[in-house]
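Enquirer: Here's the letter readout for the chains.
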Amino acid sequence: MTPLGGYLLVAALMFAIGLAGALVRRNAIMVLIGIELMLNSANLNFIAFWRYGPHPEALTGMMFAIFSIAVAAAEAAVGLGLVIAIYRHTHTTELDKINRMKG
Amino acid sequence: MIDKADQIFVLLQHWLVSFLPLALQQPAAVLLGVIGIVCVFPAIFALTTVFERKGLGRIQNRLGPNRVGPFGFMQPIADAIKSLTKEDVVPSTANGPVHFLAPVGLVVAVFMGFAVLPVGRNMVLVDMDAGLLFFFAMGASTEVSVFMAGWSSRNKYSLLGAMRAVAQMISYEVVLLLSSVAVVMITGSLSLTKIVEAQNQYTGIFPHWYIFTPWGLAGFVMYAIAATAETNRSPFDLPEGESELVAGYHTEYSGFKFALFFLGEYLAMLSISGLGTTLFLGGWSAPLSFLTFMPSWFWFFSKLMMSIFVFIWMRGTLPRLRQDQLMNFAWKFVLPFTLLDLFVTALWRFMGQGLLRWIVCSVILLAAYVIMGRVAMVRKHFGPRRYRYAE
Amino acid sequence: MTVIFYLIAAITVAGGLAAVLLKNLVHCALAVTIAFGGIALLFLSLDAQFAGFVQILVYIGAVAILIVFAILLTRGSDVPKDGVFSPTWLTGVAIASAVFAVMGWAVINSVNAIPQLAAVPHVTVHDIGVALVGSYVLPLEILALLLTAATVGAVIVAMHEKGGSE
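Protein chains in written order, with this note's numbering: chain A, 19 to 121; chain H, 3 to 393; chain V, -4 to 161.
The set of hints was computed from the structure by calculation and includes no laboratory data. A portion of the hints provided could be inaccurate.
Claimed, not checked - Reference excerpt, derived from the structure (chain H facing chain V, CB under 7 Å, subset only):
id, residue
1, A117
2, D129
3, S143
4, V146
5, I366
Since the structure is predicted, the reported quantities are computational estimates derived from the model, not experimental observations. Every residue, glycine too, gets a C-beta built ideally from N, C-alpha and C.
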């Protein structure tokens, strides 16, 4: 198991954990937490390949990860704003209960 | 001789490390630096507490503490003994691990910030390429522990204080970063040692400190405002104002945990002042070119103590800002002014040397300050009070 | 591989697991903050200092605080009566395990075959700056536009109907 393999396995494990969190929990905010975990694991993948790949001086992997961090922050902000707006309307954040378009 | 006095701590570190085998020398050197930071900055913290209480006392026309030791200067020792021996009261419904870890998180994050400050010539613990970014990353980590403290106490006032403190810290963090970006633009590096070395030049007898330029002065003022708000100091100390929220997010802490919060807050004040002196006031460089014979670390610590004195002065003089006034101020005045400062810094960089850029930059900044002040004040009706009760 | 890698990886995975399994939502938010910190340490161990510090600054300093604010504004601190896991949790766990199995198999079978650089890449912040305004200037400008749109959008979405905003 090379170092690169170790980092990729950790990233895969974090991705699976984030996916499980997004699929299993009822609260809308937990889904967003799961999504953030998945994005983080993808960033780890990018940085691992940047470090151990052929042309690290081209900075492709690191640039992608930095842009991904910025976009993820923006997406978290909008997502959480949406959760707050939905809570104000339906007074619940449990996704099982938000299953009607009427309201 | 002068060089030896300047480098005395570096030479001491080399001499102590030379007793060890070669493999252990690098970690031992770093460990000695860490021990130095852990001893020096809490000692300055102790001195600051007594200066603050005596200084506030004198501003308010009373003596400060004067019982313990000569003129009350052993007061921190009495305070330390008190906080170590006081009973540690934890509310029964408080969230155990979170309540315990909040002061720890705060103190660890604040101590990490000291690692990149250049305290003197060749006296940085870690000379990082992205030192400024590391410092701000550590500053951002303190917000989580503030929230942890307020939430885990299961106390509505603590939670309210914590949310206010976090909202204030986030708003002014943007201003803090943007005013430092102006310095980074001119220096061309995020490394704090390079920023200080860029300011260590003299034309005639005057130094090239960034505060002596128009954009630097505006940037320093914005940085000082943001630093006061980041560390919850007066006039931005609503999150811990005694008359509003008992003690805000550290209401339910007693004994040594409260002492840790106190330590964390004052150390944050020291480290942010240290960064301000590094960015704008020239770090360890001497104010006039013929004063370079004095050691560099002496200049750094004197500038640090002067910044602390200004913090204490502001606390004793200015009234507290209300939460919405404070947030309004951040987003509607300080942030636009900081963005304009960035633009003026870029103008400064690309105009040639000479008097023209001084005049243009100063005029733009002054005009903006006056205009924004007028626009911001139009709806606030500053002037003699015309109503009987506050709305 | 070094002990440090195992330690940091253990912290990260523990934080992720705690974030998904704990009942109290604020505990989950604090656990995911630890996971973010672990990922930042992994970036630092991969010699990507800029990415590591940006990760701490953005994720721990902003996204974690956002999550916590949203939890408090939506009264997430009370544990719901029917439990926190949905009735179809087994399907979710099965899917996640299948995904991990496929990815793990792909990594283990292929990682010994691809060439891996052993030398540490020496990347300064100067290079990153030159790249950002050189080859990556278009993504940078689009990102600025995206962040502006996200800020305006989030404020409008979360605004009170009466017109006041927080």
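Enquirer: Among all the numbered hints in the text so far, which are the ones the structure does not match?
Expert: Numbers 1, 2 and 5, in rising order.
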